[in-house]
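Enquirer: Each chain, written out:
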Amino acid sequence: MPQEATSSPKGHVVVVPCSGIGKPFGTVSREAAYEICENLCPGKAQIVALAKLVLGDAEARSAVSSTPVVSIDGCKRACAATMVKQSGGTLIREVSVLEAFRQHKDLKPEGIAELNDAGLKLARVLAEETVASLPRAPSAGPARGENHE
Amino acid sequence: MSDMPERKVGIIACSGEQLAEGTVARLAALRVLNELRPGQTVTICLPLFLAGGAEDRAFACVHPTITVDGCDLRCAAHGTEKYSSKPVASLVVSELVAEHGLPKPEGCRRLNDAGKQAVEVTAQRLAALVDEALGHEGPAAGNRPAAQPAGNGKGEEVTCSCGSGVPVRRVVIDGQTVELVALDPIFQKFRSAGRGPDEATLREVFDMVKLYNDVPPKAEASYREVIHREFIAACQS
Numbered sequence: 001m002p003q004e005a006t007s008s009p010k011g012h013v014v015v016v017p018c019s020g021i022g023k024p025f026g027t028v029s030r031e032a033a034y035e036i037c038e039n040l041c042p043g044k045a046q047i048v049a050l051a052k053l054v055l056g057d058a059e060a061r062s063a064v065s066s067t068p069v070v071s072i073d074g075c076k077r078a079c080a081a082t083m084v085k086q087s088g089g090t091l092i093r094e095v096s097v098l099e100a101f102r103q104h105k106d107l108k109p110e111g112i113a114e115l116n117d118a119g120l121k122l123a124r125v126l127a128e129e130t131v132a133s134l135p136r137a138p139s140a141g142p143a144r145g146e147n148h149e
Numbered sequence: 001m002s003d004m005p006e007r008k009v010g011i012i013a014c015s016g017e018q019l020a021e022g023t024v025a026r027l028a029a030l031r032v033l034n035e036l037r038p039g040q041t042v043t044i045c046l047p048l049f050l051a052g053g054a055e056d057r058a059f060a061c062v063h064p065t066i067t068v069d070g071c072d073l074r075c076a077a078h079g080t081e082k083y084s085s086k087p088v089a090s091l092v093v094s095e096l097v098a099e100h101g102l103p104k105p106e107g108c109r110r111l112n113d114a115g116k117q118a119v120e121v122t123a124q125r126l127a128a129l130v131d132e133a134l135g136h137e138g139p140a141a142g143n144r145p146a147a148q149p150a151g152n153g154k155g156e157e158v159t160c161s162c163g164s165g166v167p168v169r170r171v172v173i174d175g176q177t178v179e180l181v182a183l184d185p186i187f188q189k190f191r192s193a194g195r196g197p198d199e200a201t202l203r204e205v206f207d208m209v210k211l212y213n214d215v216p217p218k219a220e221a222s223y224r225e226v227i228h229r230e231f232i233a234a235c236q237s
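Each protein sequence line maps, in turn, to chains R and Z.
Under the numbering used here, the first residue of the first sequence is numbered 1, with each subsequent residue one higher.
Under the numbering used here, the first residue of the second sequence is numbered 1, with each subsequent residue one higher.
Derived by calculation from the structure, the hints in this document are not laboratory data.
In this text the structure is predicted, and so the values were computed from the model without any measurement.
Check the hints yourself; a few may be wrong.
Calculated lysine-lysine pairs in the DSS-like style (CA-CA distance at most 27 Å, straight line) [stated by the list, open to error]: (1) Lys82/Z <-> Lys76/R; (2) Lys85/R <-> Lys82/Z; (3) Lys44/R <-> Lys105/R; (4) Lys210/Z <-> Lys121/R; (5) Lys82/Z <-> Lys116/Z.
Distance windows between CB atoms, simulated [stated by the list, open to error]: (6) Asn116/R <-> Ala200/Z: 52 to 60 Å; (7) Pro135/R <-> Glu99/Z: 41 to 49 Å; (8) Thr90/R <-> Arg169/Z: 35 to 43 Å; (9) Lys76/R <-> Arg109/Z: 24 to 32 Å; (10) Val171/Z <-> Lys76/R: 23 to 31 Å; (11) Ser66/R <-> Glu120/Z: 49 to 57 Å; (12) Gly88/R <-> Lys82/Z: 29 to 37 Å; (13) Glu204/Z <-> Ser66/R: 50 to 58 Å; (14) Arg169/Z <-> Ser133/R: 38 to 46 Å; (15) Lys105/R <-> Glu99/Z: 45 to 53 Å; (16) Ala193/Z <-> Ser66/R: 32 to 40 Å; (17) Lys105/R <-> Lys82/Z: 35 to 43 Å; (18) Pro42/R <-> Lys104/Z: 21 to 29 Å.
Partial chain Z-side listing against chain R, Cβ under 10 Å, derived [stated by the list, open to error]: (19) Gln18; (20) Leu30; (21) Arg74; (22) Asp184.
Glycine residues also receive a C-beta, built at the ideal position from the N, C-alpha and C atoms.
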């Protein structure tokens with residue numbers, strides 16, 4: 001059976017959300033990334049800014065090439081996943097906000113600068129499902145800070 | 001001329017997710033797009049220059065573009081210049097914050113008050129640069145923002161170029177394959193006006209193609225010849 005890519009030996013992952021600015025789904029991708037890094041896996045997950053990968057920043061490229069990566073994209077163009085691959089990174093999950101919305105049609109995100117409650121909930125659900133699906137979940141246990149409910 | 005790209009100012013924010021200043025850059029861009037200069041501005045996600053196609057990379061060739069970066073890495077400015085075309089102006093939030101003596105913004109996910117102040121300062125500077133790029137003071141008539149802010153962009157979509165790219169055509173000039181932006185819509189504009197390949201029209205066609213494309217001065221004669229030939233062929237088809 002082929003071995004699935006796992007998180008790093010220390011259980012760390014890099015999260016790369018898309019930089020979507022034109023639609024609420026991009027905002028959901030960022031919110032989910034912050035949820036993973038700040039609340040679900042603090043100290044185990046870190047965000048790498050997509051713009052740095054566009055620039056070819058050495059530190060960002062090193063981060064995605066040395067640590068398993070979760071990309072979160074807000075549209076079908078999948079910039080985050082594409083850029084991680086182009087930067088030599090190994091994706092362990094390619095998350096699509098559109099797909100998550102298809103699974104949770106009651107959570108329709110609205111607002112770009114500021115998500116509505118449904119959008120915030122979609123981001124949280126997406127983040128939780130993503131962490132739960134990781135080969136070796138890097139969770140540091142519940143450490144919830146903000147609660148958007 | 002429905003497919004003709006409108007002359008709007010392109011705003012590209014770095015959106016740097018690791019820094020509060022990146023959030024400031026994104027929110028300031030949204031404030032200009034949605035509230036301060038709606039109808040005069042358009043945006044595109046920076047990564048599309050690499051992850052997208054030729055029509056995405058043509059963005060800064062078609063629109064005079066202003067970049068907004070959170071930090072002095074200037075990912076948006078460098079990325080735009082490298083993959084599309086040189087921006088007409090660039091802003092860096094951390095420099096604006098220092099210039100105005102503001103406290104350092106904090107909170108990538110939820111900006112503190114200093115961050116919100118930085119958004120306003122950045123947005124106002126950005127709006128002024130948009131006016132400068134369009135050659136007038138203040139919002140153009142018919143594009144004046146509402147008296148009250150539209151409410152943080154809630155429920156709105158800004159004018160985003162993703163998925164509605166500018167048409168690009170490849171032609172061979174001096175043995176090199178060159179991508180020309182908006183060639184077919186330009187031809188269509190003249191043909192719809194009943195214009196044929198007379199001398200005056202050919203000259204105007206070439207002038208308009210030059211508006212949207214970077215024509216190297218040394219190769220101008222070759223470009224002109226090919227574009228004239230393509231227009232004549234389009235008129236005969």
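Enquirer: All the hints need checking, so say for each whether the structure fits it.
Expert: Now the hints, each set against the structure:
1. As the CA atoms of Lys82/Z and Lys76/R are separated by approximately 24 Å, the hinted pair is consistent with the 27 Å bound.
2. A distance of roughly 20 Å separates the Cα atoms of Lys85/R and Lys82/Z; the hinted pair therefore holds under the 27 Å criterion.
3. Distance restraint check for Lys44/R and Lys105/R: the Cα-Cα separation of roughly 30 Å exceeds the 27 Å cut-off, and the hinted pair is therefore not satisfied.
4. At most 27 Å may separate the alpha-carbon atoms for a hinted pair to count; Lys210/Z and Lys121/R exceed this at roughly 49 Å.
5. Pair hint Lys82/Z plus Lys116/Z does not hold up; C-alpha atoms about 31 Å apart against a cutoff of 27 Å.
6. Between Asn116/R and Ala200/Z the Cβ separation comes to about 55 Å, which falls inside the hinted range of 52 to 60 Å.
7. For Pro135/R and Glu99/Z, the hinted distance range of 41 to 49 Å is satisfied, since their beta carbons lie about 48 Å from each other.
8. Our hint of 35 to 43 Å for Thr90/R and Arg169/Z holds, since their Cβ atoms are close to 38 Å apart.
9. Between Lys76/R and Arg109/Z the beta carbons are some 25 Å apart, a value that agrees with the proposed interval 24 to 32 Å.
10. Checked against the given bound of 23 to 31 Å, the beta carbons of Val171/Z and Lys76/R, roughly 30 Å apart, stay inside it.
11. A hinted range of 49 to 57 Å for the beta carbons of Ser66/R and Glu120/Z is inconsistent with their spacing of about 39 Å.
12. Remark: the range hint 29 to 37 Å for Gly88/R to Lys82/Z is contradicted by a beta-carbon distance near 19 Å.
13. A beta carbon spacing of about 56 Å between Glu204/Z and Ser66/R agrees with the range 50 to 58 Å that was offered as a hint.
14. Checked against the hint of 38 to 46 Å, the C-beta distance between Arg169/Z and Ser133/R comes to roughly 44 Å, which is consistent with it.
15. A C-beta distance of roughly 47 Å is found between Lys105/R and Glu99/Z, which places it inside the suggested range of 45 to 53 Å.
16. In this structure the hint that Ala193/Z and Ser66/R lie 32 to 40 Å apart at CB is violated, the actual value being about 59 Å.
17. Our hint of 35 to 43 Å for Lys105/R and Lys82/Z holds, since their Cβ atoms are close to 40 Å apart.
18. Against the hinted window of 21 to 29 Å, the Cβ-Cβ separation of Pro42/R and Lys104/Z comes to about 22 Å, which satisfies the hint.
19. The criterion of a C-beta within 10 Å of any C-beta in chain R is met by Gln18/Z, whose closest approach is roughly 5 Å, and the hint holds.
20. Proximity of Leu30/Z to chain R holds as hinted, the smallest CB-CB distance being about 5 Å (cut-off 10 Å).
21. Interface hint at Arg74/Z: satisfied, since its Cβ lies 8 Å from the closest Cβ of chain R, which is below the 10 Å cut-off.
22. A distance limit of 10 Å between C-beta atoms decides the matter here; for Asp184/Z the minimum to chain R is near 23 Å, and the interface restraint is violated.
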